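Visitor: Take the given structure of chain F and dock chain Z to it, following the hints.
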Amino acid sequence: MDFSDLDILDEFFGTGDDSNPLMMLIWILPIILFVFYGQRIQLIITSGDIKKKLGQLEQFRNDSRSALIEYIKKDLAVKDDITQKLDRIFDYFTIMPIDIDPNGIIPKIHRLIRSREDTTRKQIQLLLSEIDTMEITKIQNLLEIVTYLQLLHRIVRHLFLTAKKQNNYPLILPLQMMLPFIMEQAEALKDAVPAFKLGQPIGDGIGPLVVGEMMLDTKKQKAEFETVYSESKFEGRKLILLKAEGPFATVGRPAEAAEFLVEKYKPDIIVMIDAALKLEGEDSGTVSQGFGAAIGGIGTDRFKIEELATKFDIPIFSIVVKQSVKEAITLMKKEIANQTENVKSQVHEMITDNTVNGQIVLVIGVGNTLGVSQ
Amino acid sequence: MFNKNEIMESYTLERCGSCEKELKRKFSKGDFVFKIVSKCPSCQGQVIITKIFADTLIP
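Line by line, the protein sequences give chains F and Z.
So for the first sequence, this note's numbering puts the first residue at 1; every next one is plus one.
So for the second sequence, this note's numbering puts the first residue at 375; every next one is plus one.
So that you can see chain F by itself, here it is in the shape it has in the complex (with noise of 0.2 Å):
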């Protein structure tokens, strides 16, 4: 038998003949599925990814939860069992003032920030008698961290399933883009858990750091709240150096410190140092100079800041140590820790620069001072 004649794709798929129906079917199917189904297709396809990280999620804030439980009940040797007034503390929430007419809005949010600061801290010292400061201001931070996974699961989770109920895939597109984002955050704040239970540096505190090793063999004074001041003298001027109470895991008051300061002393310029977040591609514990409060948090210490310096005319200079989120929070790296003296001539040369003898200069080591004395 002769089988060179036998083309069975061209018998079968009509390749040589563009109207067999075999082959018309072949294409338009999936056509007509993703032309009704995809949308369908691609939530589920993006669901199982999201609800992957979501699990993570979860699992960043037990592991952070059950990390406090753990530290509270060994090593702060805790006996009654507080888990169930600790659940109450992680699900406290915030509501922000009223935003239609923003006027006057700012000490409403301070007001606001604090009293839940104090509320949190008056709980800790209820729950758990005689320990000390360096543990409350520790478990404050501990706190916090729990409570922000648990919103950031909480959040995650409510969008996620309102699409999947609504069948909807353009309601998880915003979703699939934050994520990566979200997941830095979260994994950061997982990571933080360690430094704040063994009392170590973070990243933030390089302003901290710089501003207490300058305050050494200088006499240190309450200026507010968690918050030190001292007196020194650099080339005919007078410094009036600024931080947080260290080594607690605070970052004390600078806000009403340096009202305080400022009323006190009129200083001729402000030099503020404090970490802040690198962009992508740039080294971690590059040093920048700059101009303006350079200050973190919801905003309301810098607005304070900028007030005080423009009621007073006075300029503000500010530099800052990049680094990343994780970075930031967690235990210091060697990269910015190596930068303390070159912040510190930095300041010297920005105060010889744009001061003269005589003259008065408020430095402020902004951050979480953790690990930091002075």
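To be clear, the hints were calculated from the coordinates, so they are not data collected in a lab.
It is possible that part of the hints are untrue.
Claimed, not checked - Below 25 Å or equal to it, Euclidean Cα-Cα: the simulated SDA-like pairs (lysine to any residue) are:
#1 F/Lys-220 / F/Gln-176
#2 F/Lys-197 / Z/Thr-424
#3 Z/Lys-395 / F/Asn-342
#4 F/Lys-334 / Z/Arg-389
#5 F/Lys-334 / Z/Ser-412
#6 Z/Lys-425 / F/Glu-263
#7 Z/Lys-409 / F/Asn-342
#8 F/Lys-197 / Z/Glu-383
#9 F/Lys-334 / Z/Gln-420
#10 F/Lys-326 / Z/Lys-413
#11 Z/Lys-403 / F/Glu-263
#12 Z/Lys-413 / Z/Arg-399
Claimed, not checked - Output of the computed footprint for chain F on chain Z, the stretches with three or more beta carbons under 8 Å from beta carbons of chain F:
#13 405-411
#14 425-431
Fair warning: this is a prediction, and the values are worked out from it, not measured in the lab.
Yeah, the Cβ is synthetic: ideal placement off N, Cα and C, and Gly gets one too.
Guide: Then chain Z, alone, in the frame of chain F:
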């Protein structure tokens, strides 16, 4: 960013205020920067902790 393959370890750097001799050791609980640690074995000067940082683990 941290390299995922790198193993980070926490170190404490102590320095004598007089002879400026430095000692790098592993972090131990209770350490904090500017803590007065001890007297310098060589010059009897005051030794303080100057840095606590994360570095890649030295094998």
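Visitor: A separate judgement is required for each hint: does it hold in the structure or not?
Guide: Hints versus structure:
In summary, the hint linking F/Lys-220 to F/Gln-176 is not supported, as the alpha carbons are separated by about 50 Å, beyond the 25 Å threshold. Under the criterion of a C-alpha separation no larger than 25 Å, the hint pairing F/Lys-197 with Z/Thr-424 is consistent with the structure, at around 20 Å. Proximity of Z/Lys-395 to F/Asn-342 is assessed by CA-CA distance (about 20 Å); at most 25 Å being required, the pair is judged to hold. Of the supplied pair hints, the one linking F/Lys-334 and Z/Arg-389 holds, its CA atoms being roughly 16 Å apart against a limit of 25 Å.
For the hint pairing F/Lys-334 with Z/Ser-412, the CA-to-CA distance comes to about 24 Å; that is within 25 Å, so the pair holds. Restraint check: the Cα-Cα separation between Z/Lys-425 and F/Glu-263 comes to about 34 Å, which exceeds 25 Å; the hinted pair is violated. Restraint check for Z/Lys-409 and F/Asn-342: the C-alpha separation of about 22 Å stays at or below 25 Å, so the hint holds. The straight-line distance between the Cα atoms of F/Lys-197 and Z/Glu-383 is roughly 15 Å, inside the 25 Å bound, and the hint therefore holds.
With a C-alpha separation of about 24 Å, the suggested pair F/Lys-334 and Z/Gln-420 falls inside the 25 Å cut-off, and the hint holds. Between the alpha carbons of F/Lys-326 and Z/Lys-413 the distance comes to roughly 36 Å, so the proposed pair goes past 25 Å and is violated. Proposed proximity of Z/Lys-403 and F/Glu-263 is contradicted: the alpha carbons are some 40 Å apart, above 25 Å. Straight-line distance between C-alpha atoms of Z/Lys-413 and Z/Arg-399 comes to about 16 Å, which keeps the hinted pair within the 25 Å bound.
Counting residues of the segment 405-411 of chain Z whose C-beta lies closer than 8 Å to any C-beta of chain F gives 5; at least three are required, and the coverage claim holds. Residues of the segment 425-431 of chain Z with a Cβ under 8 Å from some Cβ of chain F number 5, which satisfies the need for three, so the listed coverage holds.
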